[in-house]
Each structure stands twice: as structure tokens, then as C-alpha cells.
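Enquirer: Chains as they are written, first to last, in our numbering: chain A, 17 to 334; chain B, 17 to 334; chain C, 17 to 334; chain D, 17 to 334.
Calculated from the structure, these hints are not laboratory results.
Do not rely on the hints blindly, as some may be mistaken.
If several chains are the same, the list does not tell them apart, and a pair holds so long as it fits within one copy or across any two.
Computed cross-link-like contacts, DSSO-like style, restricted to lysine-lysine with a CA-CA straight-line distance of at most 30 Å [what the hints assert, rightly or not]:
1) K257 to K198
2) K109 to K37
3) K109 to K241
4) K249 to K198
5) K109 to K169
6) K37 to K249
7) K198 to K241
8) K257 to K109
9) K109 to K249
10) K198 to K109
11) K37 to K198
12) K257 to K37
13) K37 to K241
14) K257 to K169
15) K198 to K161
16) K161 to K109
17) K241 to K257
The lines below spell out each chain.
Number of protein chains: 4
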Amino acid sequence: MNQQFRGVIPPVVTPLTADQKLDRESFTRSINRLIDAGVDGLFFLGSSGEVAFSTDERRREIIETAIAAVDHRVPVLVGCIDTETNRVIEHAKVAHELGADAIVATAPFYALGGLPEIERHFRLIHEAVDLPLFAYDIPVCVHVKLPGDLLIKLGLDGVLAGVKDSSNDDVAFRFLCDDNRKAGHPLTVLTGQEVVVDGAYMAGADGSVPGLGNVECTGYVRMWKAAEAGDWKTVREEQDKLAALMRIVTVTNGVSGFGAGVGAFKTAMALLGIFDTNQMPNPVAPLQGANVEAVDAVLRECGLTPVRTPEEVTLSTQ
Amino acid sequence: MNQQFRGVIPPVVTPLTADQKLDRESFTRSINRLIDAGVDGLFFLGSSGEVAFSTDERRREIIETAIAAVDHRVPVLVGCIDTETNRVIEHAKVAHELGADAIVATAPFYALGGLPEIERHFRLIHEAVDLPLFAYDIPVCVHVKLPGDLLIKLGLDGVLAGVKDSSNDDVAFRFLCDDNRKAGHPLTVLTGQEVVVDGAYMAGADGSVPGLGNVECTGYVRMWKAAEAGDWKTVREEQDKLAALMRIVTVTNGVSGFGAGVGAFKTAMALLGIFDTNQMPNPVAPLQGANVEAVDAVLRECGLTPVRTPEEVTLSTQ
Amino acid sequence: MNQQFRGVIPPVVTPLTADQKLDRESFTRSINRLIDAGVDGLFFLGSSGEVAFSTDERRREIIETAIAAVDHRVPVLVGCIDTETNRVIEHAKVAHELGADAIVATAPFYALGGLPEIERHFRLIHEAVDLPLFAYDIPVCVHVKLPGDLLIKLGLDGVLAGVKDSSNDDVAFRFLCDDNRKAGHPLTVLTGQEVVVDGAYMAGADGSVPGLGNVECTGYVRMWKAAEAGDWKTVREEQDKLAALMRIVTVTNGVSGFGAGVGAFKTAMALLGIFDTNQMPNPVAPLQGANVEAVDAVLRECGLTPVRTPEEVTLSTQ
Amino acid sequence: MNQQFRGVIPPVVTPLTADQKLDRESFTRSINRLIDAGVDGLFFLGSSGEVAFSTDERRREIIETAIAAVDHRVPVLVGCIDTETNRVIEHAKVAHELGADAIVATAPFYALGGLPEIERHFRLIHEAVDLPLFAYDIPVCVHVKLPGDLLIKLGLDGVLAGVKDSSNDDVAFRFLCDDNRKAGHPLTVLTGQEVVVDGAYMAGADGSVPGLGNVECTGYVRMWKAAEAGDWKTVREEQDKLAALMRIVTVTNGVSGFGAGVGAFKTAMALLGIFDTNQMPNPVAPLQGANVEAVDAVLRECGLTPVRTPEEVTLSTQ
């Protein structure tokens with residue numbers, strides 16, 4: 017098993033300035049805060065890292081800034097997310113050139129295909145770029161569930177180093193962890209969950225990639241250490257606290273999907289002073305007014321202390 | 017909170033004779049075995065109890081036989097599953113008349129509707145029949161997910177006594193458990209999971225309704241007692257063993273859905289001598305030949321001891 | 017080819033009294049009006065005939081009333097819609113006993129299955145009941161699309177007499193018509209469409225089953241006769257007029273699915289004096305107030321003349 | 017109404033050499049053949065033009081080659097398909113710079129969003145690039161259906177010039193055509209269908225974008241001219257012949273989606289001598305062996321005359 021990528025590896029959210037440029041200062045501040053919290057790695061340009069919204073130039077800028085800020089303190093995984101193989105390979109080569117420690121790719125999307133295309137896709141990426149490759153299983157975006165037996169096969173063949181599971185299918189996840197163990201643990205299996213990470217750890221996950229970790233990461237680090245120590249009571253307590261905090265993504269009105277989820281993360285981070293704005297990429301609007309107040313209220317209920325007012329955050333994008 | 021329906025409440029599988037009649041003898045044998053294993057209740061005519069395949073006469077026969085066999089040793093829940101309200105109420109009145117302790121109903125299905133129809137549906141059932149009513153959340157059959165806030169509202173209004181959650185949405189499940197706790201625990205929240213029950217218990221479930229419990233129930237009883245005692249190490253160990261046993265539903269070929277799932281349960285029960293046959297209801301074929309052998313192999317790997325050969329079971333339906 | 021079931025065969029909507037009993041008088045009035053308009057058959061207890069909402073007793077009452085009212089003037093098809101095979105066969109036997117000329121059944125639903133179960137399902141129904149059997153392809157309710165090659169095979173084997181296609185998949189429909197023609201036309205292929213019947217006729221449909229025909233049937237009869245005569249200009253003109261009328265199902269607010277669709281049909285029929293009320297079956301609410309006015313406005317735009325006011329119709333269910 | 021983009025506008029399939037380079041010679045040959053057949057425009061980099069598989073460099077190469085080959089004989093539409101707004105705008109600027117006459121964009125995909133995001137997306141593209149903009153409605157790839165009222169609104173606001181409808185929802189298509197007519201025809205509404213184009217023309221389509229037109233375009237041109245003349249008998253006859261030819265995409269085995277559809281188009285074009293190979297982009301495999309023979313047989317049944325053998329085509333990619 018690859019020990020390099022075990023533990024808590026948050027998918028880092030990308031801060032923007034009011035005019036939608038990369039906010040390098042906020043980005044570095046957030047990265048330092050995550051590393052100080054004790055993360056085991058950082059995942060840039062994931063779905064919540066707004067990879068789908070970022071042009072090639074922006075992606076390059078994010079990777080460069082991230083790798084400079086991390087400065088080898090923890091391993092860096094880079095999402096190379098695009099519709100089909102050749103486009104993914106282009107991103108992967110850039111990530112390699114810029115110093116990524118591992119790359120993360122979904123199955124092909126947009127065009128319709130089947131399992132043979134998915135298998136060839138991962139094999140071609142692996143052949144093209146000499147970096148550990150994680151399969152990113154995210155059916156809500158890609159509209160296909162990666163089958164466990166294909167993942168294990170690609171693990172045993174040395175094509176895949178691991179899996180980042182955002183499938184929200186906890187039954188398949190447990191079977192994957194079991195099969196992986198029986199096969200000699202070729203894959204590092206990470207859960208992309210936020211409020212049921214405790215269950216994923218009981219199922220045998222090698223770590224987690226929680227988007228909410230951008231807002232509050234120390235709890236996820238404590239939960240992982242407790243799981244490693246078999247202290248399930250603590251695991252559960254930490255998870256309950258984090259689940260309460262996750263309500264920032266459900267208390268808003270009139271927004272949905274990425275705008276509600278990453279929108280709430282960015283808003284919380286702006287309230288907490290980590291980000292300068294809660295700006296979102298086109299065509300998504302930032303949370304404003306009553307929605308910012310709702311996020312603020314959840315933070316306070318959970319014992320976090322905003323350093324900026326909701327009004328200041330609402331004004332930050334204008 | 018209604019304490020009456022907490023704990024392990026398996027959805028009882030319905031045995032058939034080779035000519036597809038109800039096999040009352042096997043049914044009574046299975047019921048006694050479950051009660052001896054220490055279950056806290058029994059759920060008849062659930063999805064795995066082949067409610068959808070059973071005529072009104074058969075449903076009545078199942079309820080009568082079940083209630084006589086249980087003989088008040090544990091509470092009896094009866095599934096009143098049908099397309100729309102008036103049909104469900106008919107089933108519920110029969111269940112009431114025959115002595116059920118609680119009834120279980122899904123949202124309406126077949127015709128398209130929205131949340132107002134779902135809410136009126138549960139209210140009308142509750143008004144018509146004076147028994148505790150559980151909402152059965154099973155989107156894979158009903159094609160709608162019951163929203164947590166509607167469930168809590170119906171709980172607070174005294175319409176629903178509980179929820180049987182087979183939604184396979186563990187994130188929504190944790191939020192439901194949290195909201196239920198905050199609301200004063202109006203609902204008894206049971207998970208319909210089999211291999212991730214440990215996670216559901218950590219999330220705060222009041223019990224479980226595991227179909228696999230028909231094959232091996234003592235493990236689920238031990239897991240629940242351990243969860244109640246906060247002994248999460250034991251919870252996890254029991255779950256891992258049961259997850260290994262659940263592979264009986266994935267080792268077969270050429271079958272799917274109900275035929276693969278309940279087909280494997282019945283086959284395992286026939287191999288273990290609980291049921292006389294592994295017969296399935298029309299239009300589903302029973303497992304045969306190599307598929308029976310595959311189930312047999314899993315049972316043996318898990319330390320269970322079949323008392324009949326795969327060949328005997330294959331011949332049992334002919 | 018079975019000539020008996022070609023042409024326009026509306027799925028008859030079921031009128032209820034304010035207290036949700038079958039309104040036999042309105043039902044007979046509507047049936048006579050349809051036959052006078054020149055329909056080639058009538059389909060009772062289809063999806064829009066509220067089969068899913070009707071208890072066994074109500075289904076029997078509907079069939080008896082319908083067959084008495086029709087009095088052999090046109091063939092009568094009866095929907096035998098239920099979750100699984102044995103339940104469908106029960107309904108089919110009742111339909112046979114009461115004098116139906118043909119029966120209509122969907123694939124099994126609720127429990128998960130595959131194509132082998134679907135094929136056995138139709139074969140078992142055919143073996144059990146000696147009446148022409150139509151397969152009802154309605155994925156929006158049943159959540160499976162019947163494959164064309166299976167339908168043709170069952171047609172050639174004498175299991176199916178025809179198909180009522182409500183799949184809204186016009187590509188599959190054209191291929192089905194083509195394959196049916198090549199196979200010697202074993203199936204009578206009817207479209208369940210309302211606003212693209214012209215396209216279905218160009219594709220080779222043997223007739224149509226338009227729910228909107230309950231409101232205005234003479235146009236559908238003219239369209240069919242024009243199609244038979246190859247007068248496509250008239251076909252198109254009639255379709256355009258009927259498409260305009262179909263807007264009664266899209267002009268309402270706050271309702272969806274069956275409540276919006278059949279709710280609008282019943283409301284239009286109440287406004288036109290065909291039905292005494294626009295009452296809906298539990299748990300669906302009838303259209304009221306502004307929604308009734310919206311339907312009224314569409315009728316008037318299309319040149320129809322309501323004989324009752326929107327207010328009278330709103331009050332009809334109270 | 018914009019008359020510039022009415023009629024038959026095939027989505028041009030992109031030929032590759034055996035080593036997956038753009039085959040400029042075959043491309044030019046195919047373009048000339050289409051223009052000679054009388055098309056009213058050409059659409060490059062659509063879904064069947066393998067836009068999702070093409071890197072930015074390849075996209076540029078395709079546009080440059082196409083525009084040079086077309087040489088202003090017909091209008092050129094260019095697909096600017098990518099996950100989110102800023103990436104689409106980049107492609108649109110390149111298309112503009114290289115001389116496209118119009119651009120075509122889908123709703124955002126991959127990240128989850130709602131209607132507000134879709135509306136802003138099209139508005140932002142329109143503001144950024146001064147070219148007629150078509151909305152590409154293709155839920156099978158993008159997993160959202162564009163609502164008719166939003167399309168009309170964007171048409172009336174001058175944001176959209178038209179719609180390329182590949183939604184396979186013929187009911188919504190007819191309502192869109194009707195609403196467009198009532199609104200003064202702000203949108204040019206093109207159907208992406210191949211075998212039910214006759215129905216789309218009866219519904220009021222302004223033209224068609226048939227992928228099968230790459231293989232046989234003269235029939236589509238005759239069908240459109242007949243529709244314009246109100247000669248529906250000819251429309252239907254041409255459609256029936258083209259539907260028979262479309263079977264090239266259903267006669268193969270072991271392939272699916274893009275590989276089956278565009279794979280069959282390329283194979284037919286290689287057999288007919290239009291393309292030098294039937295090579296497919298990574299990760300899709302070209303049709304081979306028995307699948308090529310099956311396509312060949314359909315071509316011959318439809319009266320087309322392959323100039324190369326199936327074996328030659330199978331060898332063309334090796």
C-alpha cells in the first residue's frame with residue numbers, strides 16, 4: 017500500500033478576488049492554515065476546487081501558486097478533470113511539469129461510453145504520465161459509477177494508485193474496501209464524504225477528502241487520528257460536531273448545487289477571515305444577504321468565531 | 017420516543033412451496049429462529065417479504081400465519097405497500113383487523129405526483145387506521161426520496177411513528193437522525209441497510225431492518241447490543257463478518273434485482289435447512305445450479321454449515 | 017394484423033362525485049360522447065383512467081359501468097395494472113369475466129428485475145387469460161423501457177396482440193413500427209401521445225390512445241381518417257389545433273404530474289358540462305380557483321364553449 | 017427570424033488518420049460532398065464532431081481546415097462545448113477569430129447548478145463574443161433539459177439566435193416551436209434527430225442537424241425541400257429510407273454510445289470511400305471485423321455501394 021496518501025487530504029477551495037481573479041494571498045493563507053492543522057496532503061483542482069470552471073491558464077496558475085505555498089510540506093494531488101482522455105492527459109502533463117506528487121482523474125464524461133472506454137481511459141493516462149494516478153469516482157458529476165472490480169483490477173495492474181470516492185454509495189464503498197484488503201491493498205481508498213466519514217473509517221477507508229475541511233480541519237485531523245487508534249467514541253463525537261457545521265450548505269435559500277455547497281464554504285471562510293471575498297466563478301453567483309447571515313448563524317452555533325460581519329462579506333464581491 | 021420498535025427488526029422473507037403456495041411450516045420455523053436469536057420485532061410484507069408479488073389473499077394469509085406464529089413474543093409490523101392511498105388504506109385495515117402492532121407504507125408510486133400528494137397520503141392513512149405508522153423510504157422502488165423535513169413535521173404532528181430508511185443515502189440519514197434528536201425524537205428511525213449498519217448506528221439510528229438477518233440474525237443482535245453499550249469495536253467486527261456474508265447477493269450470474277437479492281436469501285435459507293425450497297414468486301425464477309453453489313461457497317467461507325447440498329436445493333423447486 | 021384495435025382509442029378518464037364515488041352518470045355521458053365522435057375503441061383503467069388509485073372494488077365498478085354503457089358499440093380494452101404478475105392476472109380474470117375485449121398490462125414494477133422477468137410476466141398473463149393482450153410501455157411510471165426486439169418476439173409468439181406506447185421515445189417508436197412491418201405486422205402499435213400523434217402516424221402507428229381525446233375527440237378522429245387517406249396536410253392542421261388545446265395541462269401553477277394532467281382533463285370536462293365535478297382521487301387535490309380559470313381560458317382560445325363557470329367548477333368538489 | 021441558418025445543417029464528423037491525427041484530406045472530401053449535396057450550412061465540433069475528445073489545438077486545427085474547405089459556400093457553425101462559462105468563452109473567441117458564422121454552446125455541465133446559472137451562462141457568452149449563439153439542448157450529455165420558456169426569453173432578449181434540439185423530447189419540441197411562432201419567431205429551431213425528422217418538420221422545425229447526413233445527405237436535402245413545399249408524402253418516404261439506413265448504429269455488438277453511433281458513421285464513410293479510415297479518438301475503439309461487416313450489409317440493403325471491403329476498413333486503423 018502506498019502510505020504517502022493516507023489520512024486527511026482536503027480538496028482545497030480556490031479563492032477569487034471580487035473581479036474573479038485568483039486571490040493568491042487568501043489561497044496561501046488557507047493552505048498554511050490547513051497544513052498547520054495537520055493535514056496529510058492537499059488536493060487541488062478537485063470539483064470543489066472549481067476545476068470545471070477554470071481555464072487552462074487559471075489551472076496552471078492555481079497549481080503553481082499551490083505548489084509554491086505548500087513547499088513540500090505535504091504531498092500535493094492535482095485534479096486533471098476533463099471530458100475525454102487526450103484532454104485529461106494534457107492537464108496531467110502540466111501537473112507533472114509543475115511538480116504535482118499525484119494526479120486525480122474521473123471517468124470520461126459528456127460523450128456516452130461504456131466500461132471498455134473507462135478502462136482504456138485510465139490505462140492511457142497512466143501510460144502518458146509517470147505519476148501516481150487516483151480514480152475520482154463522482155457519479156453526480158460524471159454520471160457513471162466506477163465498478164469495484166474494475167478499480168481493483170487497475171490497482172493490481174499498477175495503473176491506479178488509489179480511489180477518491182465521492183459516489184455517496186456506502187455499500188459499494190465497504191465492498192471496495194473489503195476487496196482491496198483481500199487483493200493485498202493495491203489501492204489507497206479515500207472517501208470524499210463529510211458527514212459520514214465515521215462510517216467510511218469503520219468500513220476501512222485509508223483517509224478522507226472532506227470539502228468542509230476548508231472551513232474547519234482540526235476536527236477531521238482529530239477524527240482520523242482517533243480512527244487510527246481505534247478510539248471510535250472520539251471518531252463519532254468529532255463527526256457529530258462536523259455534521260452540525262455542515263449545515264452551512266443546507267440553510268440557504270434559492271441556491272443549489274455548487275453555488276450552495278462551495279458557495280457556503282467560501283462564505284464561511286470569508287466570515288472567518290481566511291478568504292477576502294466569497295466570490296464565485298462564472299456563471300455562479302456568490303451567496304449574499306440573508307444567505308450569508310444564515311451561514312454566519314451556523315458558524316456561531318458551532319462555536320466558531322467570525323471576524324467579519326455578514327454585511328462585509330456580502331459587500332466583498334461588489 | 018416510541019421504545020416499542022427500537023432494535024433489530026428483520027424484514028421477514030416469505031417461503032414458498034415448489035408450487036408457489038405459502039409454506040407455512042418453513043415460515044413458522046424461520047419466525048421462531050428469529051425470535052430465538054433475540055430480535056426486537058418482525059416486519060412482514062416488506063419489499064423482501066415479497067409484498068409486491070402477493071395478491072390480497074396471499075397477503076392476508078401471510079399476516080395471519082405470522083401473527084399466530086409470533087404469538088405476541090415481539091411486536092409485529094406489517095407492510096401495506098400499494099400504488100396509491102385508498103389501496104394502501106385497504107391493506108392497513110386488514111392488517112389492523114388481523115392484529116398488527118404497526119403498519120409500514122411507502123409514498124405513492126406509479127402515478128406521478130409531488131410532495132403535497134405524499135403528505136396528504138400519509139395523513140389520510142393515519143386518519144383511516146389507528147395504528148403506529150412508519151414511512152418506508154425506498155427510492156429504488158418508489159422513485160422518490162422522502163425529504164427529512166417532511167418526515168420530522170409528520171412525526172411532530174403525530175402522523176408518523178417512525179421511518180424505515182432504505183434510501184441508501186447515508187448523508188440524508190445522518191441529517192434525519194440529527195433533526196429528529198433536535199425535535200425531541202418524535203420518530204423511531206430504522207435503517208434498512210445490511211453492510212453499513214455500523215455507520216447508521218454511529219449516525220444515531222434507533223435500530224435496523226436487515227434483510228440478511230433472515231440468514232444470520234445473531235450477529236445483528238450482537239451488533240445492536242454493542243452499539244447500545246457504546247462498544248464500537250464489537251459493532252465493527254460484527255458488521256465486517258456480516259458484510260462478508262452479504263456477498264451471497266453478488267456472487268451469482270445472470271440474475272438481478274429481487275431475483276438476485278431475495279433469491280440469494282432464500283437459497284441460503286434452503287441450504288441451511290430453514291426453508292424447504294428456494295422458490296420465488298412469479299415472474300422471478302429461483303436460483304439454480306452454479307448460482308446455488310456460489311451461495312453455498314460463501315456460507316461455508318463465513319463459517320455457516322449448510323445441511324443440504326446445492327443439488328438438493330436446485331431440485332427443491334421442481 | 018388485428019384490425020379490431022386500430023384507430024382512435026381514448027384512455028377514458030374516470031369521473032368522481034364530490035365525495036369520491038364513481039359518478040356513473042357523467043361516466044356514461046362521456047362514453048356516449050366519445051362513441052358519437054367516432055372512436056374505434058375505448059380503453060378503461062389506463063393511467064389516466066386512475067387505475068393506480070382505484071381499489072379492486074372500484075375497478076370492478078368501473079368495468080361494469082363501462083361495458084354496460086358501451087354496449088358492444090366499440091371494442092373495450094381494460095387496463096390490468098399492478099405491481100407483479102399474480103396481481104395482474106387477478107385483474108385480468110375479472111376483466112375477462114366482465115366482458116372486456118382486450119387487456120392491457122405494463123411490465124412489473126416496484127420490485128427490481130430484468131428482461132427475463134418482463135418476458136415471463138407477459139407470457140404468464142397470456143397463459144392465464146384468453147384475451148388479446150397489449151403491452152403498455154410507460155417508463156415514466158414503470159421505470160423500464162420495453163425493448164423493441166422483445167415486443168416483436170412476443171408478438172410473433174402470439175403472446176402480445178399489440179403495444180400501447182407511452183414511452184415518449186419517438187426514435188424507438190419508429191424502429192418498432194419498422195420492425196413490426198418487416199415481421200409481418202404481428203403487433204397493433206398504438207401511440208399514447210397527444211401532441212405529436214402526426215409524427216407517430218408518419219412513423220407507421222396503427223392508431224392512438226390520446227388522453228386529451230376525453231376533452232375533444234372529433235379532432236383525433238379527423239386526424240386518423242386523414243392519416244389513413246394520406247392527407248398529411250389535414251393531419252398536421254388537426255394536430256396543431258389539438259396541441260394548442262393540450263396547453264390546459266401546462267397553464268396551471270403549483271400542481272404536477274397526475275394532478276396537473278388528468279386534473280386539467282377533468283376540469284375541462286367539468287367546464288364543458290361532460291363531468292359534474294373535477295374531483296380527483298386520494299391523495300390528489302382537484303384544480304381550483306385560478307387554475308380552473310386558466311383551463312377555462314385555454315378552452316375559449318381554442319374555440320370550445322364552457323357551459324359552466326370556473327367558480328361553479330371550483331365549488332363542484334365542495 | 018434569422019434565415020441564414022434554416023434547412024439542413026449536418027454536424028460534420030471528424031476523420032482521423034490511423035495514428036489519430038486529423039485527416040485533412042478526408043475532411044475536405046467529406047465537406048465538399050456535403051456542400052455538393054445541397055446543405056444549407058455545416059456544423060463543426062458538435063458532439064458527433066468529437067468536440068469532447070479534441071484538445072484545444074485539435075479544435076483549432078479542425079476549425080481552420082473546415083473554414084478553408086468551406087470557403088464561404090455555406091454558413092459555418094462551430095461548437096464551443098466545455099464544462100463552464102469561461103472555458104466556453106475561450107473556445108468561442110477562437111471560433112470568432114478563425115471566421116465562424118455562428119457558435120453553438122450547451123448548458124454548463126459537470127458541476128451541479130440550476131436555471132439561474134444556465135441563464136447567466138448564455139448571457140455571458142453572448143456578451144463576450146459577437147456572433148449568433150445557438151443553445152445546444154442535449155440532456156443525454158449535459159444532464160439537464162433546457163426549458164422552452166427560458167429559450168424563448170433568451171431569444172426575445174437577443175441572447176440566442178436559435179436552438180439545436182437533441183433532447184429527444186418531441187412533445188417539448190412541438191411546444192417550443194409553437195411558443196417560438198407566437199413570440200414572433202425569435203429563434204431558429206433545428207432538430208438534431210435523424211429518424212423522426214418528418215415529425216419535427218410537421219411540428220414546425222426550421223431545419224435539421226442530422227448526424228446520419230454525413231453518410232447520406234441527399235435524402236435529407238430532398239426531405240427538407242419537400243417539407244418546405246408541403247409535400248408530406250415525399251417527406252415521409254425520404255424519412256423511411258433514412259431510418260432504414262440509420263440501422264448502421266444498431267446492428268453492431270459489444271459497443272455503445274459514441275463508439276456505436278459515430279463509430280458506425282465513420283465506418284460507413286470509410287466503406288463508401290469518403291474517409292480513409294474509421295479511426296476513433298481515445299479512449300474509443302474503432303469498429304472492427306464483424307461489426308464492420310454488419311454496417312456494410314446495411315449500406316448494401318439501402319442501395320449504397322461500398323467501394324472498399326469490410327476487411328480493408330478493419331485494417332485501415334492498424
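Enquirer: Decide, hint by hint, whether the structure agrees.
Expert: Going through the hints against the structure:
1. Within a single copy, K257 and K198 get their C-alpha atoms only as close as 33 Å, which misses the 30 Å cut-off; across copies the closest is 14 Å, which meets it.
2. Taking the shortest alpha-carbon separations for K109 and K37, both the intra-copy value of 24 Å and the inter-copy value of 19 Å come in at or below 30 Å.
3. For the identical chains of this complex, K109 and K241 are neighbours neither inside a copy (34 Å) nor across copies (50 Å), given an alpha-carbon limit of 30 Å.
4. In this homomeric assembly, K249 and K198 come within 30 Å of each other (Cα to Cα) both inside a single copy, at 27 Å, and across copies, at 21 Å.
5. Proximity of K109 and K169 under a CA criterion of 30 Å is satisfied intra-copy only: 24 Å inside one chain copy versus 43 Å between copies.
6. With identical chains, the CA atoms of K37 and K249 are never at most 30 Å apart, being 43 Å at best within one copy and 49 Å at best between copies.
7. In this assembly of identical chains, the alpha carbons of K198 and K241 lie at most 30 Å apart whether taken from the same copy (24 Å) or from different copies (29 Å).
8. With identical chains, the CA atoms of K257 and K109 are never at most 30 Å apart, being 40 Å at best within one copy and 44 Å at best between copies.
9. With identical chains, the CA atoms of K109 and K249 are never at most 30 Å apart, being 44 Å at best within one copy and 44 Å at best between copies.
10. For the homomeric pair K198 and K109, neither the shortest alpha-carbon distance inside one copy (33 Å) nor that between copies (50 Å) is at most 30 Å.
11. Taking the closest pair of Cα atoms, K37 and K198 never come within 30 Å of each other, the shortest separation being 47 Å inside a single copy and 42 Å across copies.
12. For the identical chains of this complex, K257 and K37 are neighbours neither inside a copy (34 Å) nor across copies (52 Å), given an alpha-carbon limit of 30 Å.
13. Taking the closest pair of Cα atoms, K37 and K241 never come within 30 Å of each other, the shortest separation being 37 Å inside a single copy and 51 Å across copies.
14. In this assembly of identical chains, K257 and K169 lie within 30 Å of each other by CA distance solely across copies; the values are 24 Å between and 37 Å within a copy.
15. In this assembly of identical chains, K198 and K161 lie within 30 Å of each other by CA distance solely inside one copy; the values are 21 Å within and 35 Å between copies.
16. In this assembly of identical chains, the alpha carbons of K161 and K109 lie at most 30 Å apart only when taken from the same copy (26 Å versus 35 Å across copies).
17. In this assembly of identical chains, K241 and K257 lie within 30 Å of each other by CA distance both inside one copy and across copies; the values are 16 Å within and 25 Å between.
Figure legend: structure checked against the earlier numbered hints; hints not met, in rising order: 3, 6, 8, 9, 10, 11, 12, 13.
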